[in-house]
Amino acid sequence: MRPHEVVDAVARRSYGKLVAFLAADTRDVAAAEDAVSEAFAAALAHWPVHGCPANPEAWLMTVARRKSIDGMRHRRSGEAVTTQLQMLVENQTSESAEAIHDAEIPDKRLALLFACAHPAIDAGIRAPLMLQAVLGLDAKTIASAFLTSPEAMGKRLGRAKQKIRAAGIPFAIPARDELADRLDGVLDAIYAAFAEGWSDPGGTDVARRDLTDEALFLARLLVALLPQEPEALGMLALMLHADARRRARRSASGDYVPLAEQDVLLWNVAMIEEAEALLRYASTLGRIGRYQLEAALQSAHVERRRTGRTDWTVEVQLYDALLALSGSPVVALNRAVAIAEWKGPAAALEIVNALAADGRLAQYQPYWAARAALLARTHAYRDARDAYDVAIGLERDPDVRRFLQGKQAVVVDRLI
Amino acid sequence: MQYLLMLYADESGWSSMTKAEQEQGVAAYVAYTQALKTAGAWVGSNRLQDVGTATTVRVVDGKSQVLDGPYVETREQLGGYYLIEAPGLDEALAWAARCPGAGHGTIEVRPVWDMTEYEPVCDRTK
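The listed protein sequences derive, respectively, from chains A and B. If you read the first sequence in full-length UniProt numbering, its first letter stands for residue 1, the second for the next number, and so on. If you read the second sequence in full-length UniProt numbering, its first letter stands for residue 1, the second for the next number, and so on.
Looking at chain B on its own, in the form it has when it is part of the complex (with noise of 0.2 Å):
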């Protein structure tokens, strides 16, 4: 199975870190990385810009709507993902633990939804 672990922290931690402790935190997340693709459980992973940067769609009544700012203002911000392939939750929990961000924040654990169900409709290479 495929999850997704979306890693959630308070963004202002980083600015107010030192140069060192800086690249200490991105060995950490090298490191990690490292592990999982070593361990072949890494699908893709990617750190995301400030919430400052983000910014929000839809469509009403035929017209997009654009908006400044994220979906939700939240204390913690989404910060980055990794999607990995684990033979069940409790798998995923451990990589989730292990992963650095789980001591300076909070980290979502979901799985991703199976779509072979469907298949015929998404291969349109067949």
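Extracted from the complex, chain A is given alone in its bound form (with noise of 0.2 Å):
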């Protein structure tokens, strides 16, 4: 490998650990970004002339330091920086100085991820304080995937970061009493990450597309430091699903294509074994939640997609677990899809006129789009025609909206 790829190789493995460690102790994560980006700047610069290091991440660790200790003699002086440059210093002499001989720096990414997703910062900045101290991603390209200014976001990242520093947030892991409730508010950020960049399905956003893949890093880095907590492994079994069929969701030419016409060989097999895998071991640990809920429909969908075999009633089982769980209209509109499955359009319909009374989903296409369907199975094309209108009239993605009218084309062939 040259140079420059062993560093982009180490800036994926390490840039986060990196930051956890130094920002630990400190709290202060934009110092600490800036000390590792100092650090793989100079890396670029000295390893094409001397030679990579035998251990990259402790060279780039001893820079970072270096950096980080120049830094804060710049930014402040008297007494405040005597404290802290004693605990650097007390730090690497003792416990850093001998990780970083054995060539393991301790990992405090969890410690960072629980810091970004703690209560206290607002909960639409975690998932981009996330992607950018533990992943190294810039306020540009997090910007482009969340749909806002590069100066909004970077405005909002400095922020959260300030409050992380100055309000006291903790570098720590929970309790055991508050993990569960602290970790929720891991998993939705992370999955927020993903949904961002699944909202472009045609994947032609390459930031966008770029996001999920980050996400999934992020999943697999959680459980990998958190292996026995069910839901982290759920979450992960949920993402690997939806992105094991990211190459059927558009067929040749571009068009929509939905799960039920999908073609099964573009399925990627083994992320769907992966995910599995990764449910089933977590339903031994005996605590069921939201995200291991969600992976156990995609898994029941991509089983009825693969044997042709159909069981609604276990699907509808799972809605009602998920809807108790969660009251989310979504998933009572989900569930209604599943039991006009079951027991026909009509008994989905009275649930999805029921559920028109709730206000938030009447800006919501899908709910639209089923509504669409159902009406056209029960003949009321007038109806059907007049629901997709909005469905279309509320999608942002071009291709969607053409197979939405597509459908409606359908209906009004009907009405003539």
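If you're looking for bench data, these hints aren't it; they were derived computationally from the structure. Quantities reported herein were computed from a predicted structural model and do not represent experimental measurements. Think of the CB as a built atom: it goes at the ideal place given N, C-alpha and C, for glycine as much as any other residue. Accuracy of the hints is not assured; some may be wrong.
Stated by the list, open to error - Label-pair restraints from in silico Cβ distances:
hint : chain 1 : residue 1 : chain 2 : residue 2 : range
1    : A       : Leu179    : B       : Val30     : 33 to 39 Å
2    : B       : Tyr71     : A       : Arg73     : 35 to 41 Å
3    : A       : Ala195    : B       : Val121    : 36 to 42 Å
4    : A       : Arg13     : B       : Val121    : 27 to 33 Å
5    : B       : Ala39     : A       : Gly286    : 33 to 39 Å
6    : A       : Arg73     : B       : Thr55     : 44 to 50 Å
7    : B       : Gln24     : A       : Glu350    : 47 to 53 Å
8    : A       : Glu151    : B       : Thr55     : 36 to 42 Å
9    : B       : Val26     : A       : Arg13     : 54 to 60 Å
10   : A       : Leu179    : B       : Thr18     : 40 to 46 Å
11   : B       : Gln34     : A       : Arg396    : 55 to 61 Å
12   : A       : Gly359    : B       : His104    : 29 to 35 Å
13   : B       : Tyr71     : A       : Glu151    : 28 to 34 Å
14   : A       : Arg159    : B       : Ser64     : 53 to 59 Å
Dock chain to chain to rebuild the complex, using the hints, since each chain is given by itself in its own frame.
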């Protein structure tokens, strides 16, 4: 490998580890990021000339630590610096110096993830914060994935880091009695990053397609750090199930293909099997939750398509459990769609009509598309056409819009 | 670290309480203060007079402007504070959640600015 390739590979593996380790004592994420970036810049200048060090991570840590001490000298003066420098120097002589010799820097990324997803941090900025602090994505890349301006994203990230430092947000893994609640925050943030990338189903937008990979990396990291947490396993399984079908979601001509019509041969079998194994293991840990249930539903969908066997009662049961847990109208909608297959479209329409009272679905495209499809199946073509109009009007993906227009055309034909 | 717990509540709630309810309310605060002291977390605390007693002052062009009333009119008013010592935000938030004020109002938790970096300027006794 050439030096810059080594730098890239090490960056992937070590960036978050270095930031987490440097920030753990000072809680100064921004300063740690600066020091680590400078260390990588130094590596790019140094390694091509002098060759790659035997232990690149340790080399980077030594340089980053020196940069971080320099940075602190620059930024502050007086007593506070002395104490903080003291802290760093003490760390260097004890635990960490040895650690570097042993080629193993203590992994504090889990503590960093919990700090990023702390309840005192605004929920909307947690995913961007993780992507930046753990993976080193810049504000511009994150901003484009989250459909916002780089300036606004940079400002919000800066404010969140400032809060971690000044408000005393701990770099620690929560105690057992709080772990489940706090872990939910971490999981939701990682899943938000994944969903943001996923909302570009064509995978035409590179920044967003990459985001699903970054989120998968975070999910895998979390599972590696917390291998006994069933919900972390469940979330990774859910993501793998979705990602396994990425290629099948578009036809050769770029048209949107719904799950029920996808070419099973285009699914990534290895990913599906990994997801199934994760889910099976999670179920042995005896604590069910939202992500495991959602992954189980994906698993049922996949099974149905692969074997042609349909056991809708199982799917409805899973949706029942999920609905009881989340109370989400989106889950209620998906449950109604499953009920349509089990008890017929009329029964499902009754539920969907009741859901209309819940204003939260009024601007949710899949609600109108599902409603339209059910109306068409009960031969209410005029109403179906109108519902498709709303669905098409709410969709932002042109391919999906075209797909819905195709469905609407079929309904309109019946009208004449 | 030190944190200031600022207790905001609708003041009219107090006057609409019976004497017995008020006594019970005060007792809850006394117990809370005692718990903070026992844990070594208490630094200071006070209850404030009603917002109707507030006066604001600012100096503009060398002239002081005095106005009757609080800085901002809000539905819930600052009614008191606790200054506490806690290892980090989690512990400070746990104390805030135990405060009786969290049950009938809102508590804003703010870290105190650590001024040790300005020590040579601040400490005139040295």
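A/Glu151 and B/Thr55, beta-carbon distance inside 36 to 42 Å?
Holds, since A/Glu151 and B/Thr55 (Cβ atoms, about 40 Å apart) stay within the stated range.
Do the Cβ positions of B/Tyr71 and A/Glu151 conform to the proposed distance bound of 28 to 34 Å?
31 Å, holds
Range hint 40 to 46 Å: satisfied by the CB atoms of A/Leu179 and B/Thr18?
Given range 40 to 46 Å: holds, Cβ gap about 43 Å.
Go ahead and decide if the range 29 to 35 Å is satisfied by the Cβ distance of A/Gly359 to B/His104.
Holds, at about 31 Å.
Between A/Arg73 and B/Thr55, does the beta-carbon spacing fit 44 to 50 Å?
Given range 44 to 50 Å: holds, Cβ gap about 45 Å.
Range hint compliance [Cβ, B/Gln34 to A/Arg396, 55 to 61 Å]
58 Å, holds
Range hint compliance [Cβ, A/Arg13 to B/Val121, 27 to 33 Å]:
Violated, at about 45 Å.
Tell me if the beta carbons of B/Gln24 and A/Glu350 are separated by a distance inside 47 to 53 Å.
Check passed, 51 Å falls within 47 to 53 Å.
Could one say that the CB atoms of B/Tyr71 and A/Arg73 fall in the range 35 to 41 Å?
39 Å, holds
B/Ala39 versus A/Gly286 beta-carbon gap, inside 33 to 39 Å or not
At roughly 36 Å between Cβ atoms, A/Gly286 and B/Ala39 fall inside 33 to 39 Å, so the hint holds.
Return holds or violated for the Cβ distance of A/Leu179 and B/Val30 against the range 33 to 39 Å.
34 Å, holds
C-beta pair A/Arg159, B/Ser64: status relative to the range 53 to 59 Å that was hinted
With a Cβ separation near 34 Å, A/Arg159 and B/Ser64 fall outside 53 to 59 Å, so the hint is violated.
Consistency note: the structure conflicts with the earlier hints numbered 3, 4, 14.
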